[in-house]
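> The residues making up each chain are set out below.
There are 4 protein chains.
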Amino acid sequence: MPKTINVGMIGYAFMGKAHSAAYRDVPRYFPELDLQPEMKAICGRNEKAVREAAEQFGWDSYETDAMALINRTDIQVVDVSSPGWAHRDQVIAAAKAGKHIICEKPIANNLADARAMAKAVTEAGVSSFVMFNYRRVPAVALARQMIEAGEIGEIYHIRACYLQDWIADPQFPMVWRLDKELAGSGALGDIGSHIIDLGRFLVGELEEVCATTKTFIKERPTAPGSKETGTVTVDDAAAWLAHFKNGALGTFEATRFARGRKNANRFEIFGSKGSLAFDFEEMNKLQFWSAADSEKFQGFREILVTESGHPYMDAWWPPGHIIGYQHTFVNALRDFFDAISKGVKPSPDINDGVAVQAALEAIAQSSDTRSWVRLDDL
Amino acid sequence: MPKTINVGMIGYAFMGKAHSAAYRDVPRYFPELDLQPEMKAICGRNEKAVREAAEQFGWDSYETDAMALINRTDIQVVDVSSPGWAHRDQVIAAAKAGKHIICEKPIANNLADARAMAKAVTEAGVSSFVMFNYRRVPAVALARQMIEAGEIGEIYHIRACYLQDWIADPQFPMVWRLDKELAGSGALGDIGSHIIDLGRFLVGELEEVCATTKTFIKERPTAPGSKETGTVTVDDAAAWLAHFKNGALGTFEATRFARGRKNANRFEIFGSKGSLAFDFEEMNKLQFWSAADSEKFQGFREILVTESGHPYMDAWWPPGHIIGYQHTFVNALRDFFDAISKGVKPSPDINDGVAVQAALEAIAQSSDTRSWVRLDDL
Amino acid sequence: MPKTINVGMIGYAFMGKAHSAAYRDVPRYFPELDLQPEMKAICGRNEKAVREAAEQFGWDSYETDAMALINRTDIQVVDVSSPGWAHRDQVIAAAKAGKHIICEKPIANNLADARAMAKAVTEAGVSSFVMFNYRRVPAVALARQMIEAGEIGEIYHIRACYLQDWIADPQFPMVWRLDKELAGSGALGDIGSHIIDLGRFLVGELEEVCATTKTFIKERPTAPGSKETGTVTVDDAAAWLAHFKNGALGTFEATRFARGRKNANRFEIFGSKGSLAFDFEEMNKLQFWSAADSEKFQGFREILVTESGHPYMDAWWPPGHIIGYQHTFVNALRDFFDAISKGVKPSPDINDGVAVQAALEAIAQSSDTRSWVRLDDL
Amino acid sequence: MPKTINVGMIGYAFMGKAHSAAYRDVPRYFPELDLQPEMKAICGRNEKAVREAAEQFGWDSYETDAMALINRTDIQVVDVSSPGWAHRDQVIAAAKAGKHIICEKPIANNLADARAMAKAVTEAGVSSFVMFNYRRVPAVALARQMIEAGEIGEIYHIRACYLQDWIADPQFPMVWRLDKELAGSGALGDIGSHIIDLGRFLVGELEEVCATTKTFIKERPTAPGSKETGTVTVDDAAAWLAHFKNGALGTFEATRFARGRKNANRFEIFGSKGSLAFDFEEMNKLQFWSAADSEKFQGFREILVTESGHPYMDAWWPPGHIIGYQHTFVNALRDFFDAISKGVKPSPDINDGVAVQAALEAIAQSSDTRSWVRLDDL
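Chains as they are written, first to last, in this note's numbering: chain A, -5 to 372; chain B, -5 to 372; chain C, -5 to 372; chain D, -5 to 372.
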């Protein structure tokens, strides 16, 4: 029988739903794991809503005060899936309470907060984990394995973008994600943070960036159909050039104004021996070009990443029976509990969260100052 | 609070795992459903294995005798996910016991059995449901809606195939699916039944078929690496031409020898006003061509079927956050329990299962007699 | 300086235009060829039209009587690009006149004619060449090389189709191609002949076929907008199952009713070691799956067939600078003149044309008799 | 009978071959054009080579001195397809000699030269035309028509790249294109100029750019297999951010180090009402997403741009019979001679060439100074 560990989660919106599903599924698909989560408590400020969420998502109990949840003695893991502005205090409190921490991305609304959080985690000696779930797409995990195995050689280029279109309509109303006070930034932090993380995961550390951001629609209805308008204080889109410490050149773009692109988290990576390409909208596939192939038969190979030998896939279905977005969270949590069980550091951890936050800060600063910003200077 | 209904399931292999996941998920993603399943008992002949399956998949109890499970008074729904040869007796017993029935496809190993099952179900007045889960792929459900709405007009053609490659290697050993006694047929019944069902779902009733089947590798090792061989008594591949009652022309092919195709359940449907195309390996997409589009801008449109307005998708994730194979079972069970709750006939039911079985029989007979076979003559 | 050989061509419509372009281009792109065509004369029954065609397409002179052209002493090669019903007499006359013959496909409107033509050619000892131009798509030629080199092993399956939609509109009027007297058959002979030829080129000789044909729209306006209608006497679509002599199983379909498919001449070939797939609408690409690839990285490889090492491509442009439909004719004629120059038999020749005609006849007969037809029985 | 105009062309390498083919083809495919080219003379410094080129490509005569060609009284159009360093003097001389000018891109190796050339052309009152041939890809021309018709509304984004891989191998030797003295720049001028032009053609005028360039391999063999090395003095890759005057945001990248990408001249354009996407490796296709489509059926539409109503396609083949790279030159020359015939300005002309050159200069300067550069400041 595996041991169990009790989890308390703050937040019950999109990420709360996704994480809950993953907690439920970890023991079902990864029964061999030595340490399995128990869904002890969920937390939200609206009692009626959080009570219903507890019921629907399968949590044993609920809290309406985050600090109360954090300090419950029957909880060993705190999952911070609240909005970004709330992360800092919750993570610091959880660290001080000696809890292991899972935190949604980006970990904070600014770099200073992120560093304070990492300091608290380090001082407390607890484990931390940041939910850059796209690392756990099997195709992306395979890409990482291939890069580490030298399949594409030295990396020259990464072209990454994350394209959505959910606010392209000027009549789409103000929401908290369009308010800098609450969200920190717009497309940049929300989806740009994912491609920054994938850049670090697949290529390496950033040396410097040069960025521009844009807000195409500056005034929006305060509510659907309303004549009253509010001001958008975050970026609708961000684009940046990047030099990596290993010499690779990167181009990145995050936008919510790409009509027809729904969740196009994509990359192309070109190396001295081969290339890789990925698009989340076809998340079960990885494109691979190899200079080692016979010259006459070279071409981008579409690997359907559903074989039992592919990362995580042994837990799921037979070849060709594709998986979806939510499986990335199951895979991620499997790795987290596996690490805790084995006493090793989960990855990516709070320091990876800080590194991404530094990139976000560098990008924002570069956009403001219209100049290149070195990450080491922050 | 929704009412609940107790389910007992026979089988714990691939389909048992998939159905179990779906029973667990129905209440999580479709909480508004008036009638929710309770996972009461699972049944298998190997006690150790079924006990572990009960634990891992989340069933309250287990049985080692199918009839015992069927006759448990605390069970109202019997899910027959056992191998095909076992379906007949279990379905008939469940019907006689007054249980609602969910049955995996194809419902039987021959048409006589299928008809006997349908007779028993009808006489008992219980509800029945056949797990043609591909109908519940949102893209396929959307295709059906579009056809019903006249978007592609009168249908001229369906080109359907189901391509896999898991036994293409001659060293792949004998398994029960390669033994006619146990499996009834090979690629034909296992995957051909799905495209027959999709043909009925999307185009209409079959008039007649002309078929051929092929067994490419006739002798296989009895076990991996074994020198001893056994004889494959089922088809490796089946292909058939079909005329539909409404005048449409169909070509169909099911094979386990299509190297590199893992689960390519595909169709192209061409009508007087437009066309549709689908490939399960990209299950979140539906291709649509419309003669109503401005002539200069006509082209196949790739609909990413993940919008909240698309069938079933409101229950899942935001646009572009794709779903996978297992979600088709959740969607299917949602519809089943919804139908039971509302007192309407689930669809597809046992009679649809019989219709597919009739097509399978017609195809097999056509292959044997090398002639066209009318389904009404069976 | 290369030697030259004088060509006379009968026909100046679509194929006349395409062949003319190819005759002009052969010396430009294949200057190393020892024998180059001279465009001596073009022939058509309408003097004004053929005079203009001669001018526009670059022919030195014109004739209005095919027999006059065939018997001109300054002509050594006769290109029969007239409608199908006219082929027989022209080819036989050309053979008797001792001319080398290029003939459009299908070579005749029935098998008896085709055999008479082949007999005349053989008795005269002249060279013959049938314009199955799709063999000269570089991607198709590469596919053939790969099959011959054993890259995909023993062939189990070919799935071929040729989908068009130019008469899907019921208001599209009668044209000669819809009249059996003139065209012999409909989609079957016109485009089905191409996939029959590709099947022979890539897989091998046919053993037997079982077919059905369909005419969806039986009455059409005699002219655009006319109230008067004429009767379509050919097939709108044809589909057939096939067994090859080497044991491969084939499914084939040719239709003019596939809305949105413009020239989808496609095949998928599955073998014991690998697979190939092609679609003319992306004619510069060949899909290749190899069991020899490392298991974890297997996938269909999209070969962009534009490298200088690929068939014919050295004559054209740098990698990635794609070529089009008309280049297939240039490549074909290059091979024809190369063969003549070297004194070897061009391929495909009139006997290949007969073999395709036999398949067409078998398919038509099978559709009529609703039974399997062996080609050797014809 | 159309009038004719005599052309003299300088250069006989890749572009010389491509232009020659186009001169030959214009009268064949566009016979209705009032003014048709006569291929009067070709010019190159190596007499043997240029004599052979004249013969193979179909020119009446040849010259070995560019100025001699330019000043021949029987020549009215001078086509400058020589290497970039030679353009300035040749264009200025041709202008002074009163000749119409066709010039390959980029028109010069620096902005000062480009401006001097434009001044000479303007003063001489001759017509000019720059061979940005990708504007004449039917799919690109259609994109322009759609943008002008408002199909995608106000443009927010353009993502453009031009990816090749022909020097990714470090053993690929030094060639003139890698020498700044001769080539001006590397990937930037050679292929970056094309995407700059497409940006102007499809989106509008650039306001400012911020760029970086990279030379991954700095030393290369002087010849294939040589131990001696030379220094690469141009960029292997260039990437830039751009703001357009109309508010659109652009990201651009040109590289010769994208393994597996052969001629991936691509763009995605996102507007308020729709989107367009293109990849030259599939040059007969244009992707189109429209917010005007019924919400449930929205998706990127793949327009096969081969219909007779599509730009230029009436001259070519039936729908689905795709065209290739060289056809872009035929289409371009058709437009040039049509403009000359009608007495209107050809487009793009020398001033468009200057605008692209200004962008190239701004990009190079931005890369050097690591700052944003406004084009109006140059």
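In case anyone wonders, no lab produced these hints; they're calculated from the structure.
Where hints are given, some of them may not hold.
One copy or two, it doesn't matter: identical chains are merged, so the pair holds either way.
Stated by the list, open to error - List of simulated lysine-lysine pairs, BS3-like, C-alpha gap at most 30 Å:
id, residue 1, residue 2
1, K339, K221
2, K290, K11
3, K174, K113
4, K208, K113
5, K267, K279
6, K11, K336
7, K221, K267
8, K336, K221
9, K267, K212
> Confirm or reject each hint.
A quick look at each hint next to the structure:
{"no.": "1", "hint": "K339 - K221", "verdict": "neither (51 Å within a copy, 48 Å between copies)"}
{"no.": "2", "hint": "K290 - K11", "verdict": "between (49 Å within a copy, 25 Å between copies)"}
{"no.": "3", "hint": "K174 - K113", "verdict": "within (25 Å within a copy, 50 Å between copies)"}
{"no.": "4", "hint": "K208 - K113", "verdict": "neither (33 Å within a copy, 37 Å between copies)"}
{"no.": "5", "hint": "K267 - K279", "verdict": "both (20 Å within a copy, 22 Å between copies)"}
{"no.": "6", "hint": "K11 - K336", "verdict": "both (27 Å within a copy, 28 Å between copies)"}
{"no.": "7", "hint": "K221 - K267", "verdict": "between (57 Å within a copy, 22 Å between copies)"}
{"no.": "8", "hint": "K336 - K221", "verdict": "neither (57 Å within a copy, 42 Å between copies)"}
{"no.": "9", "hint": "K267 - K212", "verdict": "between (45 Å within a copy, 18 Å between copies)"}
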